[in-house]
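Peer 1: The lines below spell out each chain.
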Amino acid sequence: MPRREDIQKVMIIGSGPIVIGQACEFDYSGTQACKALRKLGYKIVLVNSNPATIMTDPGMADVTYIEPLNLETMKAIVRKERPDALLPNLGGQSGLNLSSELARSGVLEECGVRIIGVQEDAIQRGEDRKAFKETMTRLGIEMPESELAYSVEEAETIAERLGYPVVIRPAYTLGGTGGGMVYNIEELRTVAGRGLSVSLIGQVLVEESVLGWEELELEVVRDAKNQMITVCFIENVDAMGVHTGDSYCTAPMLTIDPKLQEKLQKYSYDIVEAIQVIGGTNIQFAHDPTTGRVVVIEINPRTSRSSALASKATGFPIALVSSMLAGGLTLDEIPYWRDGTLEKYTPSGDYVVVKFARWAFEKFPGALDRLGTQMRAVGEVMSIGKTYKEAFQKSIRSLEIGRYGLGFAKDFHKKPLEDLMAMLSSPTSERQFLMYEALRKGAGVQDLYEKTYIKPYFIEQMKELVELEEQILKCKGQALSDDLLIRAKKDGFADRYLADLLGLQESEIRERRKKLGVVEAWDAVPVSGVENAAYYYSTYNGPDRVAQSDRKKVMVLGGGPNRIGQGIEFDYCCVHAAFALRDLGYETIMVNCNPETVSTDYDTSDKLYFEPLTVEDVLSIYEKEKPIGVICQFGGQTPLNIAGELEAAGVTILGASVETIDLAEDRDRFRQIMRQLGIPQPESGMASTLDQALEVAGRIGYPLMVRPSYVLGGRAMEVVHDEEMLRRYVAAAVDVSPQRPILIDKFLENAIEAEADAIADGTDAFVPAVMEQIELAGVHSGDSACVIPPISVPPKHIETIIEYTKKIATELHVVGLMNIQYAICNDMVYILEANPRASRTVPLVSKVCNIQMARLATEIMMGKKLSDLNLKQRNVPHFGVKEAVFPFNMFPEVDPLIGPEMRSTGEVLGLANSFGLAYFKSQEGAQQMLPTSGTVLITVSDRDKHEAVEVARQFANLGFRIKSTKGTHKLLREYGIETEPILKVSEGRPNIADAIKNKEIDLVINTPRGKLGATDDAYVRQTAIKYKIPYITTVSAALAAARGIAERRRGHDGVRSLQEYHAGIR
Amino acid sequence: MPISAVRIPALLVLEDGVAFHGFSFGAAGETTGEVVFNTAMTGYQEILTDPSYAGQMVVMTYPLIGNYGVNDLDTESGRVYARAFIIKELSSIPSSWRSEHSLSEYLVSQGVMGIEGLDTRALTLHLRTQGAMRGALSTADLDPKSLRQKALASPAMAGQDLAKDVSIDTPYEFKPRLFELPKDRRTLRIAAYDFGIKRNILERMIAEGMTPRVVPARTTAEELLALQPDGVFLSNGPGDPEPLDYVAREVRKMLGRIPIFGICLGHQIMGLAFGGRTYKLKFGHHGANHPVRNEATGKVEITSQNHGFCVDPDSLDRSKIEVTHINLNDQTVEGIRHRELPAFSVQYHPEASPGPHDSSYLFPRFRETIEKSRG
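Residue numbers (our numbering), protein chains in the order written: chain V, 1 to 1066; chain U, 1 to 375.
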């Protein structure tokens, strides 16, 4: 069927900020939707609160709204834009839920908006557990036995009937939030209670446990003619019990016989036909490996994390095709790489794909490293190999966790077998590495299977790797035979890992194997639905089958897996670099290993190498393609970490040189330059022993900011107030050595932090905007809210910041992007750090100020001068407030505080004509709906008491009732502010926790008590999160909130598109 | 393969002299045959036991094989018909609750050779460009020149009557394992010629209420009609149809007297019986993902295929014979039908094991044809 002519304008709702369970895979799918629908000639109205996405680039859609994702805002946009259609299934669970709410609210009908792709009732059939169960019963497809409960008591009765363990699943939540497996009535009460409170409709499902069953997923696509194809069969190697987002998995299925695959496919087709989805659907099954019983677990009638993975694993762009199908096309109108059209697509290929998740447990002290039905991963990598072993080992080095192979992780190899087996009793992020050491210690394949439910095939493969590794280890200190080296490379052992095993340099292994002719070769993944795509993976198990052109080429290194501190913002920059290079006439080569990204979409670059970002893999591609250079600046810390070694191996690095990177990162050299330039820096020192640290502290005085060297996202960064804390920090610090010392800075108390992103050409620099952090110094810049333009930094300091930035960029010969962080303390501007690379704020500045920073920087790297670009300082008449979004709801046991170590996973942007409204919107976008009236709880640390008076006064003026704890209450009374006292939990009942649970409090302002109160008041914040009460943990944010509430009460700004905001910039 | 295990070298040499070194699994020894590739990602057990592969050495393009072992229920026939199995990497242990043997043990028990550790992609690409060719595989003779001579000396597929070798000597009633006869319909009796019939085809007939009596390839029309069946089935089978002209002759005698349905080799025999000719394809169709267009509906079916020969459309009298299905990859004939008489056939495997079930309507159609012809 041809394109639909009855619609012209289509609205797409994105998935909002990056959170656990909803990451940049929805930027990927949303961007594909924009591409597909625009190609069909439709106008696009796009809504997303996340500014770091490619989809919210003003050029991707005709009208772009960076607005909070909630029903009221969506209604306003629908009424303003009057789209003809709404595409609900490309923006993750958030987009789907919002579309569904919009439909129920009646506004779609009112404005004559049709839903395309998945109908509202289809969403119900797929998402509502009761409706879904009825459909399955009708189709004769089994589900795990289960019943719905609306109260904890009901849940208890059901669990008793089913028998423990049972699984609790809250309806309509993301990444399994609030659910879990319970083994007894006590756990059931806790988890069911939590689940009921997080479920949109106060409903949980109590379900028979299928723990230990195989978890199998299919990605199917259906069109309006009821033609159905299976894009991918995914085998979750981790059995049922581990969330699919955390599961290690392979595609295609490796241990599932064809009879079972056929059965799953038949069930899947029956299901999507019954649900009537147009587009892609993910279907999850559990298969009992001892009886063959198959049950369906759930379906996602939309693009998903799995569909992104399946798209990258097969070369079939599910989101793109789903969008075309929603636009009225059918599969027989879309080309298939093999021949003809897509209705005859079947999975094929002669390679293996592995997905490995990346976690951030180390960021959340107190969080238990345990995998269950609630997703914990913050990112993932995908790897492709000719054999399972090769793909597996590639995935390890793709993860960038300092491991290049499976062995010798942490101290596992020193532990006795019993300890290792005990540690394997429940699934953790270290499971594969523990199994490896257990095998080395003689664990049996069957024993490990019984512990982990990981199928023997995978364990046996691992065992063979261990055996080969043991043979290699025997050669330490003597020559490794050619045969052994060849086998090791064919089985995927990394050069770096072999070098570590044998005590050699990586380059020695590299030279040795090259002499033997053992080099990486490449093969193509055929791509459907997109023309001229070139998508490759490397292998040591075959000859090179990829041709290279003699065009001028540039390689762009991506950012690898998402993690806290390095995520979608860097992918945004890489994508822009690729687009800019293409426009400049270069052939672009992208290297990355993150399947969720737009950078790994097949048509972002001319050639995509889906490869780990290691010296071995990047160098091999470089030597094959012979580009004029490599861009390392856009992928975050990942490419910078290998830039030095690449250059040493003869690679040309474009943009900031390795020397510049080193100047910025080497504290002594950097300090020297700052002194020369006359730019003040907080006093500092370095220490690799406790004595040295105490000596530095004695010299510069407390408080101090301490951290390890060479880290991103403020990993293990802390503010230290006295000697006792410093002693504790040094004692706990791992891997400290003279090469990797602890960095110690004077901590500037009550300083305002500001940040500047610059574009530099080596002799000059341009600073489009200065950003002001809302939270004061001591909160990581990635976690602090920030505003453009600044609201409290005096113009003279802004000028100073711009001047310093230009000086530094010129002195360091920065070519491309640079980010500098400043602190303003006692009327003086200090520099904190400079990074000669793209920063997290590049997309933010680009969108608020309407300047394509990454593109301009790329043009400069390729030889243009700033003077060629005609950039002018322009006046931004609106305010943009960025707010960070935290995964604390996924780590209920962790104190939800912000500090120098970054812990946010994503961000939102609030745009408005006043700071107050922009701040209000940013909170709204972060799902922290500030109340405009009601009761505010104020309980602050002694240090903050005096500033809290101003906060309280403002809230009182706004007519809020104020409740406060003893000390705060007393102080506020002294200042004549009316408050009601409230008890802390330690003081009796009814107390703060009761009040929050009873919904007597609408906003919590609670600044932590520092080291004395650290454990005392965490429950306040934790309870607030659990009961979804907005909470604020710094005084400065509280003041901003008061301003926001005041502005909001004066009036709503209405919704305005990014294009409208940009038109106002002069 | 566990690193501690002793690996026995094996050598495969094609008739053009191209050699592939690997390691032996399954039985040791020496064998020759036509080397063909299969692109299915799973289903190795069904492929090995498919009689159509008699006389052939099968290369799997998917690199990892043997992962879920072998069970006795999923075999297509009583034994392995492929001469040898050529793969990239063998799983040393089976990982499935249904598995009864490892692939290697199973091949040993069947006396069939296997070779692993070679670049099956390279071998496949070679066959794709050069066409199917004979090869010799050995663990005893590792001299490429001598093995090439052995490959050249082996009989060519064209002209060989392989069906005769895989067919049975005495007729038997088929005993189903998977399906039961439906109770709501009258049971029809089918005489099924066995040129190397796959068990799954017979199972599918049972599912449609048809009980097959399986008869040898040499059965004459008179002998067959004396059984008074409701319909005749021409099975799949290995190799070249032309030497089976003695069957085509018998089929021609039965045209119009009884409904006839053919699959694969049976389709080619139908082509010969319709007065057509067959020819050898360059590298044949082997795999579970061949797109075929049904000319009547325009719908594309994903089909499972396994054949090296093909019916020549130009040799058919199109006023009497209609081409019903076309292969979209190379436009070859995939299905034919007599315009007046109750006889039709398809080149692909509608019973699809392994493979997709897009074409499962053909068995019900056979039943309808029979019922219609009886009036």
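No lab work stands behind these hints, which were simulated from the structure alone.
Predicted model, so just to flag it, every value in this text is computed and none were measured.
Treat the hints with care, since some could be wrong.
[Unchecked claim] Straight-line C-alpha distance at most 30 Å; calculated BS3-like pairs for lysine-lysine:
(1) K266/V to K145/U
(2) K225/V to K299/U
(3) K997/V to K1026/V
(4) K150/U to K164/U
(5) K263/V to K150/U
(6) K945/V to K984/V
(7) K514/V to K626/V
(8) K984/V to K1028/V
(9) K372/U to K299/U
(10) K80/V to K39/V
(11) K474/V to K514/V
(12) K9/V to K39/V
(13) K164/U to K263/V
(14) K39/V to K130/V
(15) K263/V to K225/V
(16) K945/V to K865/V
(17) K263/V to K145/U
(18) K39/V to K299/U
(19) K266/V to K150/U
(20) K164/U to K266/V
(21) K175/U to K164/U
(22) K490/V to K145/U
(23) K150/U to K175/U
(24) K552/V to K263/V
(25) K945/V to K552/V
(26) K864/V to K806/V
(27) K806/V to K796/V
Peer 1: If a hint holds in the structure, say so; if it doesn't, say that too.
Peer 2: The hints, checked one at a time:
1. K266/V to K145/U: Roughly 50 Å separates the two Cα atoms, so the pair is violated.
2. K225/V to K299/U: Judged against 30 Å, a Cα distance of about 11 Å means the pair holds.
3. K997/V to K1026/V: Given that 30 Å is the threshold and the Cα spacing comes to 9 Å, the pair holds.
4. K150/U to K164/U: holds, 24 Å
5. K263/V to K150/U: Distance of about 44 Å is beyond 30 Å: violated.
6. K945/V to K984/V: holds, 17 Å
7. K514/V to K626/V: With Cα atoms ~17 Å apart, K514/V and K626/V stay inside 30 Å; holds.
8. K984/V to K1028/V: holds, 19 Å
9. K372/U to K299/U: Holds, at about 24 Å.
10. K80/V to K39/V: Holds, at about 24 Å.
11. K474/V to K514/V: Status holds; Cα separation ~22 Å.
12. K9/V to K39/V: holds, 13 Å
13. K164/U to K263/V: Measuring from Cα to Cα gives roughly 35 Å; hence the hint is violated.
14. K39/V to K130/V: Given pair K39/V, K130/V is violated - Cα atoms ~39 Å apart, limit 30 Å.
15. K263/V to K225/V: Measuring from Cα to Cα gives roughly 22 Å; hence the hint holds.
16. K945/V to K865/V: violated, 52 Å
17. K263/V to K145/U: violated, 48 Å
18. K39/V to K299/U: Holds - the C-alpha atoms of K299/U and K39/V are around 27 Å apart, at most 30 Å.
19. K266/V to K150/U: violated, 46 Å
20. K164/U to K266/V: violated, 37 Å
21. K175/U to K164/U: holds, 23 Å
22. K490/V to K145/U: holds, 28 Å
23. K150/U to K175/U: violated, 41 Å
24. K552/V to K263/V: The hint is violated at about 50 Å.
25. K945/V to K552/V: Violated. K945/V to K552/V sits at ~62 Å, over the 30 Å cutoff.
26. K864/V to K806/V: Holds, at about 18 Å.
27. K806/V to K796/V: At roughly 15 Å apart (the allowed maximum being 30 Å), K796/V and K806/V satisfy the hint.
Consistency with the previously given hints fails for numbers 1, 5, 13, 14, 16, 17, 19, 20, 23, 24, 25, ordered from lowest to highest.
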